[in-house]
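**Q** Construct the complete structure from the given sequences, taking the supplied hints into account.
Chains as they are written, first to last, in full-length UniProt numbering: chain A, 1 to 296; chain B, 1 to 296; chain C, 1 to 296; chain D, 1 to 296.
Worth flagging that the hints you see were computed from the coordinates, not collected in a lab. Check before you lean on any hint, since a few could be wrong.
As the list claims (entries may be wrong) - The calculated DSS-like cross-link candidates involving lysine-lysine, where the alpha carbons are at most 30 Å apart (straight line), are:
{"id": "1", "chain 1": "D", "residue 1": "Lys244", "chain 2": "A", "residue 2": "Lys82"}
{"id": "2", "chain 1": "B", "residue 1": "Lys214", "chain 2": "B", "residue 2": "Lys201"}
{"id": "3", "chain 1": "C", "residue 1": "Lys244", "chain 2": "B", "residue 2": "Lys82"}
{"id": "4", "chain 1": "B", "residue 1": "Lys244", "chain 2": "D", "residue 2": "Lys244"}
{"id": "5", "chain 1": "B", "residue 1": "Lys82", "chain 2": "A", "residue 2": "Lys244"}
All values reported here derive from a predicted model rather than from experimental measurement.
So you can see what is in the structure, the chains are spelled out below.
Number of protein chains: 4
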Amino acid sequence: MTEIRLTANQYGKAENRVVRVTRDTDRHDLVDLNVTSQLRGDFDAAFLEGDNAHVVATDTQKNTIFAFAREPISSPEQFLVKLADHFTGEFAWVSGGRWAAEEFGWSRIGDHDHSFYRSSPETRTAVLVRDGGTDALISGFSGLTVMKTTQSGFVGYPRDRYTTLPETEDRILATDVSTRWRYRADAVDGLDFDATYDSIKATIMTTFTQGYSKALQQTLHAMAAAVIEAHDVVDEIKFSCPNKHHFLSDLSPFELDNPGVVFYAADRPYGLIEATFQREGAPTADAAWVGIAGFC
Amino acid sequence: MTEIRLTANQYGKAENRVVRVTRDTDRHDLVDLNVTSQLRGDFDAAFLEGDNAHVVATDTQKNTIFAFAREPISSPEQFLVKLADHFTGEFAWVSGGRWAAEEFGWSRIGDHDHSFYRSSPETRTAVLVRDGGTDALISGFSGLTVMKTTQSGFVGYPRDRYTTLPETEDRILATDVSTRWRYRADAVDGLDFDATYDSIKATIMTTFTQGYSKALQQTLHAMAAAVIEAHDVVDEIKFSCPNKHHFLSDLSPFELDNPGVVFYAADRPYGLIEATFQREGAPTADAAWVGIAGFC
Amino acid sequence: MTEIRLTANQYGKAENRVVRVTRDTDRHDLVDLNVTSQLRGDFDAAFLEGDNAHVVATDTQKNTIFAFAREPISSPEQFLVKLADHFTGEFAWVSGGRWAAEEFGWSRIGDHDHSFYRSSPETRTAVLVRDGGTDALISGFSGLTVMKTTQSGFVGYPRDRYTTLPETEDRILATDVSTRWRYRADAVDGLDFDATYDSIKATIMTTFTQGYSKALQQTLHAMAAAVIEAHDVVDEIKFSCPNKHHFLSDLSPFELDNPGVVFYAADRPYGLIEATFQREGAPTADAAWVGIAGFC
Amino acid sequence: MTEIRLTANQYGKAENRVVRVTRDTDRHDLVDLNVTSQLRGDFDAAFLEGDNAHVVATDTQKNTIFAFAREPISSPEQFLVKLADHFTGEFAWVSGGRWAAEEFGWSRIGDHDHSFYRSSPETRTAVLVRDGGTDALISGFSGLTVMKTTQSGFVGYPRDRYTTLPETEDRILATDVSTRWRYRADAVDGLDFDATYDSIKATIMTTFTQGYSKALQQTLHAMAAAVIEAHDVVDEIKFSCPNKHHFLSDLSPFELDNPGVVFYAADRPYGLIEATFQREGAPTADAAWVGIAGFC
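**A** Pasting the structure below:
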């Protein structure tokens with residue numbers, strides 16, 4: 001009989017939608033999370049024999065998430081660390097795992113004490129991968145759509161028999177920014193994750209506005225450099241950014257000019273640029289990135 | 001042979017993604033629309049005999065939309081009226097149609113001249129239905145998620161053998177507001193649609209925050225009354241609002257209390273409340289609402 | 001103060017995901033439904049005063065759905081009628097409502113007794129609208145994608161200054177069939193809904209294959225005529241069908257011909273044809289169609 | 001100034017929707033693909049200086065895909081190899097890349113010569129990663145939903161203070177099978193990919209039906225073992241499978257029993273089991289898996 005070997009595996013409860021309300025005073029606050037817990041360790045018997053003696057039920061993982069939300073949640077990252085410590089501390093055979101959260105941003109309606117609207121276009125993300133005693137903590141966001149209506153071009157690329165694209169020195173540059181950054185391991189403890197998140201997001205948005213973009217690649221590099229320069233707690237940052245094409249509409253059949261005014265926003269296909277930038281000299285953590293969709 | 005009769009019908013080009021950039025000065029502006037054009041009129045021959053002599057090609061409708069976007073677009077509503085006038089004016093057999101637009105909201109990054117991010121959580125909508133010489137213009141929005149963390153309850157409902165829900169005088173009230181309002185026919189000409197939109201949206205959000213909600217129904221009525229009271233150009237308003245349940249997590253098995261702190265945000269099933277409110281004495285326009293999903 | 005009037009309204013519990021297993025013998029069977037219940041009647045006090053004395057809780061509606069699923073479900077339509085009879089019979093102020101179901105189709109893996117896979121590309125739908133003592137029962141499906149790789153063309157359409165589309169006598173015709181048909185009121189009782197569904201679906205698919213299509217409109221008429229001809233229980237049928245464009249790829253820059261071989265399948269914009277066909281002499285039921293998305 | 005280093009990166013054109021019709025005879029055939037091409041190599045100058053001399057335009061990659069579709073496509077895998085050979089052969093600085101395809105399955109309506117419907121519930125996938133001269137070819141599928149209505153249980157798991165789940169020896173087991181398998185490097189050339197795909201899919205479905213499942217983990221291991229045993233061209237297989245919970249509806253408040261008949265199909269949270277199985281002694285290829293979502 002063929003021999004097969006169980007290698008990488010993890011399991012748990014995905015997408016626990018936890019809303020926590022702080023109501024110590026009449027001025028409430030809320031945290032809105034989508035939490036996934038997955039355990040790694042010695043689970044071979046479950047796969048090979050259906051012996052569940054080590055299988056902390058995914059239902060138990062769910063219960064733990066909701067029970068832990070009874071205490072204040074200072075950030076998604078802090079909450080994930082707490083879950084990781086619990087599961088790896090409580091069960092001898094749980095050597096690690098992957099804990100992930102999405103956070104949805106709310107703002108007060110007016111300045112009301114207990115009424116809110118979901119305001120953030122982007123989804124904030126956090127992933128903690130613990131494996132063999134080391135942690136990798138990766139934060140980020142997705143779904144932030146940005147556009148420059150000028151100061152972007154694309155020229156000087158190679159031409160072969162399949163090249164028909166004309167060069168342009170004035171086009172729309174638009175993308176949905178998806179980015180993830182990995183924190184320096186010794187910076188995690190006590191870090192103000194919310195402030196850092198806000199600062200990195202602002203750095204990315206501001207850098208996007210600056211200067212002339214010769215290629216989306218160049219813009220991604222500029223954003224990465226600005227983030228790493230300004231945030232010494234970040235060791236690595238990845239971007240996965242579609243080039244959301246806005247094609248100039250050809251109005252000449254209708255005897256109309258179109259000096260950069262009317263565009264057709266296309267769906268598919270789209271350009272897709274993925275890149276990783278690392279702080280010089282920082283350690284790598286490739287295994288921690290496995291399973292994060294759409295990044296290379 | 002059975003006789004069948006062609007009754008209501010319309011056709012056209014759906015979801016034309018038009019982005020228009022105003023670049024008269026260095027400070028650009030942009031309009032981002034998803035436009036659908038559908039014609040009504042004498043199209044029987046196409047259905048019955050495949051005779052296309054009356055079928056203004058959907059491709060032609062698309063071209064017209066992009067060509068018309070060469071001129072300034074003051075609002076989605078104004079753009080739809082222009083399309084309607086063109087198609088019903090140009091082709092004798094086109095007696096009406098349905099033109100619809102979604103608008104996606106962008107804001108400047110910082111106060112940058114030509115860099116923007118997609119900021120609006122909600123999608124603005126506009127529908128113009130022209131039929132038999134009369135117009136109905138319906139504006140609205142969808143996807144605005146709001147939440148009150150207190151000042152909401154649900155008591156006093158009938159109990160039968162299938163009732164298990166306990167009464168509560170303190171719960172989370174959360175919904176995705178989808179609303180559409182119909183303008184008074186003689187108010188459309190020259191109306192500042194953008195200002196009216198902003199005002200109606202603000203009225204709805206502010207009303208949501210006010211007072212104690214005995215039922216989502218009561219809240220919808222309050223929002224409708226406030227909109228109609230403050231906007232004499234609105235004859236009718238509809239809401240279609242899910243009751244997005246946030247269930248108090250039962251932490252008692254873990255010897256924890258839960259005084260309104262930890263909630264599980266459920267997906268399905270959800271409550272769903274749909275209601276129409278009309279200004280007393282205003283004319284109805286039921287046919288115009290057909291085909292707008294999820295409203296009654 | 002402005003007077004506003006509550007007009008059309010309904011409320012209930014949406015998207016109850018019920019799976020029912022028949023296990024009287026070792027050969028199991030299953031029904032997989034997504035059921036929505038909404039009540040109409042005298043609910044003014046809830047809206048106007050927050051008085052819930054008439055508000056059968058949406059949670060109670062959910063419980064009723066699951067309790068009723070304890071008995072065999074012979075078809076989605078039969079299940080909706082049972083719910084309608086219950087709610088309008090039990091509560092004096094409930095004069096009607098709207099009950100809807102989606103059904104997802106499963107097949108046995110091999111011919112296994114209790115193992116299944118979700119096999120149907122289409123979603124079957126059923127809607128029962130009861131209002132003022134009359135019922136309208138509307139069945140249908142959505143999401144059935146069909147394609148003809150030849151025997152379709154589009155010529156003879158009018159040309160204006162915005163027309164650039166070349167005529168073609170050989171193109172791909174592809175659409176996602178969404179259709180809904182209304183049963184003759186006196187045919188509902190005792191009808192074999194599953195057999196009728198299968199027969200109507202087969203009629204539509206077979207008719208799609210037949211002959212040369214001069215326009216999608218002509219094809220829809222042919223499908224409608226075939227359904228109404230062959231099914232005397234159907235009084236009315238609607239179609240809402242995108243023209244899913246497959247554009248011939250221009251390979252001439254690469255010195256390649258393209259005799260109908262390589263196509264680009266576009267997303268947006270798309271043609272959209274909506275049409276209603278009624279059996280000659282059958283009664284109309286326009287109000288029942290309100291709120292069904294995307295049909296005219 | 002902080003030094004940052006560009007590490008992993010790739011770019012290209014994503015989601016090119018190619019439909020190819022074989023029409024040599026009156027009996028047509030079609031291939032429906034969604035193709036992504038991304039290049040790796042020496043692209044540093046684009047990122048660092050906006051120098052595009054090496055940047056084969058994503059538009060050129062798109063053109064190449066459509067041009068290559070002019071020739072017969074025997075399988076998605078074969079098409080990806082052809083693209084990889086072209087780009088790495090044509091441009092000296094392109095050392096590798098990632099080419100991916102989704103395939104959508106169509107069947108004939110009846111046995112018609114040129115009319116088809118989209119029949120496959122699952123999406124077939126293929127990914128070719130070429131890096132540093134070595135290829136990894138990974139095929140698979142997603143979206144195949146399967147269910148066993150009995151012969152599944154979950155007992156013997158550890159209980160801690162957060163455990164409330166009761167043991168059960170008869171439950172519904174349902175999942176959406178997502179799987180990817182990696183071909184042995186020397187088996188790729190000349191392999192009948194379509195036949196292998198059909199055989200692996202059948203093996204997975206058949207194994208799912210067999211025996212009593214003590215845990216979804218055990219079932220995944222059984223499926224993996226069967227695939228690897230029966231297909232010596234497969235070196236590795238991964239599964240990512242949600243445990244789609246079907247909770248027994250509690251009907252006791254209504255004085256009804258529920259002997260495994262009525263279930264509530266929940267959305268979120270859900271169990272999630274991910275596992276990798278390797279043929280004993282086969283080489284690993286971890287880097288090739290990066291960026292495939294939802295697998296560990």
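**Q** Next, verify each hint and record whether it holds.
**A** Verification of the hints:
For a cut-off of 30 Å, the pair hint linking lysine 244 of chain D to lysine 82 of chain A stands: about 27 Å separates their Cα positions. For the hint pairing lysine 214 of chain B with lysine 201 of chain B, the CA-to-CA distance comes to about 22 Å; that is within 30 Å, so the pair holds. For the hint pairing lysine 244 of chain C with lysine 82 of chain B, the CA-to-CA distance comes to about 27 Å; that is within 30 Å, so the pair holds. Taking the CA atoms of lysine 244 of chain B and lysine 244 of chain D, the gap is near 22 Å; set against the 30 Å cutoff, the hint holds.
Of the supplied pair hints, the one linking lysine 82 of chain B and lysine 244 of chain A holds, its CA atoms being roughly 29 Å apart against a limit of 30 Å.
The structure is consistent with each of the numbered hints, conforming to all of them.
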